Amino acid sequence: MKILFFGQLREQLGVAELCLDERPKTVHALRELLAAKGEIWQQSLSSKQVLVAVNQTICDFDTAIEANDEIAFFPPVTGG
Amino acid sequence: MVESTPLITILVQQSDFEHGEEYQRLKNHDTQYGAIVTFTGLVRDTNLGESVSGLFLEHYPGMTEKVLDDLAKQASQKWSLGAITIIHRIGMLDINQQIVFVGVSSQHRSEAFEACQFLMDFLKTQAPFWKKEVREGSEHWIEKRQSDELAAQKWTK
Chain H
132 MKILFFGQLR EQLGVAELCL DERPKTVHAL RELLAAKGEI WQQSLSSKQV
182 LVAVNQTICD FDTAIEANDE IAFFPPVTGG
Chain X
822 MVESTPLITI LVQQSDFEHG EEYQRLKNHD TQYGAIVTFT GLVRDTNLGE
872 SVSGLFLEHY PGMTEKVLDD LAKQASQKWS LGAITIIHRI GMLDINQQIV
922 FVGVSSQHRS EAFEACQFLM DFLKTQAPFW KKEVREGSEH WIEKRQSDEL
972 AAQKWTK
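Sequence lines, in order, name chains H and X.
Converting from the first sequence to the working numbering requires adding 131 to each position, the first position being numbered 1.
Converting from the second sequence to the working numbering requires adding 821 to each position, the first position being numbered 1.
It is worth saying that the hints were derived from the structure and are not from the lab.
Be a bit skeptical, because a hint or two may be false.
[Stated by the list, open to error] Derived pair list, reagent style DSS-like, types lysine-lysine, alpha-carbon separation capped at 25 Å:
| hint | chain 1 | residue 1 | chain 2 | residue 2 |
| --- | --- | --- | --- | --- |
| 1 | X | Lys887 | H | Lys133 |
| 2 | H | Lys179 | X | Lys965 |
| 3 | H | Lys133 | H | Lys156 |
| 4 | H | Lys179 | X | Lys975 |
[Unchecked claim] Pair ranges (Cβ atoms, derived):
| hint | chain 1 | residue 1 | chain 2 | residue 2 | range |
| --- | --- | --- | --- | --- | --- |
| 5 | H | Ala147 | X | Thr852 | 44 to 50 Å |
| 6 | H | Ala166 | X | Glu957 | 55 to 61 Å |
| 7 | H | Asn199 | X | Arg846 | 34 to 40 Å |
| 8 | H | Asp152 | X | Lys899 | 27 to 33 Å |
| 9 | X | Glu842 | H | Asp152 | 28 to 34 Å |
| 10 | X | Glu842 | H | Asp200 | 37 to 43 Å |
| 11 | H | Asp200 | X | Phe877 | 43 to 49 Å |
| 12 | X | Gln918 | H | Arg154 | 28 to 34 Å |
| 13 | H | Glu153 | X | Lys899 | 40 to 46 Å |
| 14 | X | Lys965 | H | Ser177 | 14 to 20 Å |
| 15 | X | Glu960 | H | Glu197 | 35 to 41 Å |
[Said to hold, decoys possible] Here are some chain H residues the structure puts well away from chain X; computed CB gaps all over 10 Å:
| hint | residue |
| --- | --- |
| 16 | Glu170 |
| 17 | Ser177 |
| 18 | Ile189 |
| 19 | Ala198 |
None of these values were measured; they are calculated from a predicted model.
Each residue gets a CB set at the ideal place from its N, CA and C atoms; glycine is no exception.
Using the sequences and the accompanying hints, generate a full structural model.
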């Protein structure tokens with residue numbers, strides 16, 4: 132499972148990408164797993180502003196995920 | 822209604838773009854289209870009262886192109902368009918540099934105006950880009966604006 136972080140979230144966590152051996156069944160379960168990595172993870176990922184994309188499509192936190200999925204967490208987008 | 826698939830050009834790049842060339846691409850694509858509307862976004866020297874010296878743009882490679890292509894296809898279904906070009910730059914940009922270009926051609930002006938606005942409104946709220954402002958000796962991630970959300974929402978009403 133490939134996990135990506137972008138923008139301010141990437142900077143706060145100091146990580147752009149990581150691979151996970153565990154297999155959480157939903158985005159929510161994945162977030163819980165990551166939040167347990169430390170206080171900054173807990174704080175950054177618990178923000179209501181954080182968005183998630185599974186395989187490059189924005190979706191809800193209760194979305195089911197699979198071993199080969201690409202999951203990205205990021206703040207609200209600000210392009211243009 | 823003109824039944825045709827528009828020429829869609831999506832570019833996400835570090836390098837600058839030449840406005841005139843992009844206009845020519847839209848203009849010369851097909852002579853049945855009599856209207857072109859283009860929008861260009863630039864790096865401003867001030868934001869929310871703060872003096873800005875530059876802008877850093879990050880994106881999500883792969884998803885960005887997918888979202889922009891999807892937006893262009895949505896616009897093609899809503900309006901009868903000849904060509905759509907969306908260019909967005911990434912990386913470090915200085916004041917007054919070009920950030921984004923959206924250009925649309927259609928038979929008559931109203932469709933091109935509307936489609937261009939639609940594309941910009943959704944690009945701002947859907948495409949995975951993040952801006953970091955560089956000020957005197959400090960950097961700040963830009964937060965989303967309520968006005969951008971409202972601008973996109975008005976299309977779904």
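Evaluation of the provided hints:
For the proposed pair X:Lys887 and H:Lys133, the alpha carbon gap of about 19 Å is at most 25 Å, so the pair holds. With a C-alpha separation of about 13 Å, the suggested pair H:Lys179 and X:Lys965 falls inside the 25 Å cut-off, and the hint holds. Note on H:Lys133 and H:Lys156: the hinted pairing holds, with a Cα-Cα distance of about 14 Å set against a maximum of 25 Å. Pair hint H:Lys179 plus X:Lys975 holds up; C-alpha atoms about 24 Å apart against a cutoff of 25 Å.
Evaluation of the 44 to 50 Å hint for H:Ala147 and X:Thr852 yields a pass: the beta carbon distance comes to about 47 Å. For the hinted restraint 55 to 61 Å between H:Ala166 and X:Glu957, the CB-CB distance of approximately 36 Å leaves it violated. For H:Asn199 and X:Arg846, the Cβ-Cβ distance of about 38 Å falls inside the hinted range of 34 to 40 Å, so the restraint holds. In this structure, H:Asp152 and X:Lys899 break the distance hint of 27 to 33 Å, their C-beta atoms being roughly 45 Å apart.
A C-beta distance of roughly 49 Å is found between X:Glu842 and H:Asp152, which places it outside the suggested range of 28 to 34 Å. At roughly 39 Å, the beta carbons of X:Glu842 and H:Asp200 sit within the given window of 37 to 43 Å. The hinted range of 43 to 49 Å is not satisfied by H:Asp200 and X:Phe877, whose Cβ atoms lie roughly 29 Å apart. At roughly 45 Å, the beta-carbon separation of X:Gln918 and H:Arg154 lies outside the given 28 to 34 Å, and the hint is violated.
At about 43 Å, the beta-carbon gap between H:Glu153 and X:Lys899 stays in the expected band of 40 to 46 Å. With their beta carbons about 18 Å apart, X:Lys965 and H:Ser177 fall inside the hinted range of 14 to 20 Å. One distance hint, 35 to 41 Å for the beta-carbon pair X:Glu960 and H:Glu197, holds here, with the actual separation near 37 Å. Residue placement check: H:Glu170 keeps its beta carbon more than 10 Å from all beta carbons of chain X (closest about 20 Å).
Distance to chain X confirms H:Ser177 as a non-interface residue, since its nearest Cβ pair spans about 18 Å, more than 10 Å. Separation of H:Ile189 from chain X is inadequate, the least Cβ-Cβ distance of about 8 Å not exceeding the 10 Å criterion. With a cut of 10 Å on Cβ distances, H:Ala198 stays outside the contact zone with chain X, its closest approach being about 19 Å.
Hint compliance for this structure: hints 6, 8, 9, 11, 12, 18 are not met, and every other hint is.
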